[in-house]
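Q: Taking my numbering, the leading residue of the sequence shown gets 886, the next gets one more, and so forth.
Keep in mind that the hints were calculated from the coordinates and are not lab data. What you are looking at is a predicted structure, and each value in this text was computed from that prediction instead of being measured. All residues carry an ideal CB built from backbone N, CA and C; glycine is no exception. Some clues are possibly wrong.
FRET-style restraints, in silico, Cβ to Cβ [stated by the list, open to error]:
no., residue 1, residue 2, range
1, 937, 1155, 33 to 41 angstroms
2, 914, 949, 38 to 46 angstroms
3, 982, 1110, 37 to 45 angstroms
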Amino acid sequence: MVRAHRLPGCELCGRTDQPVMGALGVCRDCATEGYSASQSRIRDAHAANRRRFELPGTPPRAPRGAKCPLCSRECSIGLGERGFCGLRVAVPSRSGGLRIRHLAGRPSRGLLHAYHDPLPTNCVADWVCPGHRQHGLRNLAVFYASCTLNCLGCQNWRFRESDPRNDGGMTADELARCADARTFCVCFFGGDPASQMPHALATARRLASRGVRICWETAGTQNQRLMEEAVELSLATGGIVKFDLKALDERLHVALTGGGNERTLANFARAAARAVERREPPLVVASTLLVPGYVTPDEVAAIARFIASVDPSTPYALLAFAPSFAASDLPFTSRRHAEEALAAARGEGLQRIRIGNEHLLDTERGGMLH
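Put together the whole structure using the sequences plus the hints.
A: This is the structure:
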């Protein structure tokens, strides 16, 4: 018997039969079908969450601000403001206007920490990657301490405590020198590499020239040109681009992450369409975090339908959720939720699907209530 996980009800409709994230205050239905009534609450919830870390509540939109094109946020930063990722500020230019100053993310300095992970490792693509057979070799894991989204259920949220002005960083050359003869692959993740792509790409080019496989784990909000270069490097080196597809419904995506998904879906479609150029290992892998109460089997079916419309052979991992960050009051994903999501994805014609993080599944701790 599944034990109910007691949570506060939806502040708009009072619903209590499904998990509702207290920090968000609204259920899935109110976040989607009732979006016009809930959007101000959703916006305020994300802004309040970001104030804890002295980050802008929304992307700055200064009329004559310095424009940053690196990601889908496309901030226009006024004097004294910071970009949404926290890594860009506006300073006076010689022409009398404003220009972008990069606190981190250029080849000269990345805000990150890096470490070697023995293979096989807990990678979302491990099940389809040759790295899981490379015993004795290592992955160079590059964790970028910034992000272009604001996921309330972030599993790696502590990067927000990094100080881009004072914390140490690494140049692209220094990071590339971390690789050695036992480095089989590198994965740029975080946070997300999207807000530090110039640094990541500079590092990746150096490592690619040494025969290291180039991999990415990202929500896909990068500038299209930068994303295409990342895909090229992975294609050339035998690496994999791992896209985190959090939701297909943009209203739900905004509720969970504070931002839209148009750029994510477009970048994914362009990358996955190139999978025909190299089938093994797969060029692109998709994943979705099964957030109880929000990322339902129906939502997974919609995501799977989108993936299949581009390339039905794309591997798709459904990841079990663990309570974390502002969603620490949600339950773990239940096995029933995961199995129903798996069946829903299969029903849309995908050929390679798996449930990841199965050790987190626990029907005694709740999940989707039925």
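Q: Now tell me if each hint is right for this structure.
A: Going down the list of hints, with the structure as the test:
Checked against the hint of 33 to 41 angstroms, the pair residue 937 and residue 1155 passes, with Cβ atoms roughly 35 angstroms apart. The hinted window of 38 to 46 angstroms between residue 914 and residue 949 holds, with their beta carbons roughly 41 angstroms apart. In this structure, residue 982 and residue 1110 break the distance hint of 37 to 45 angstroms, their C-beta atoms being roughly 24 angstroms apart.
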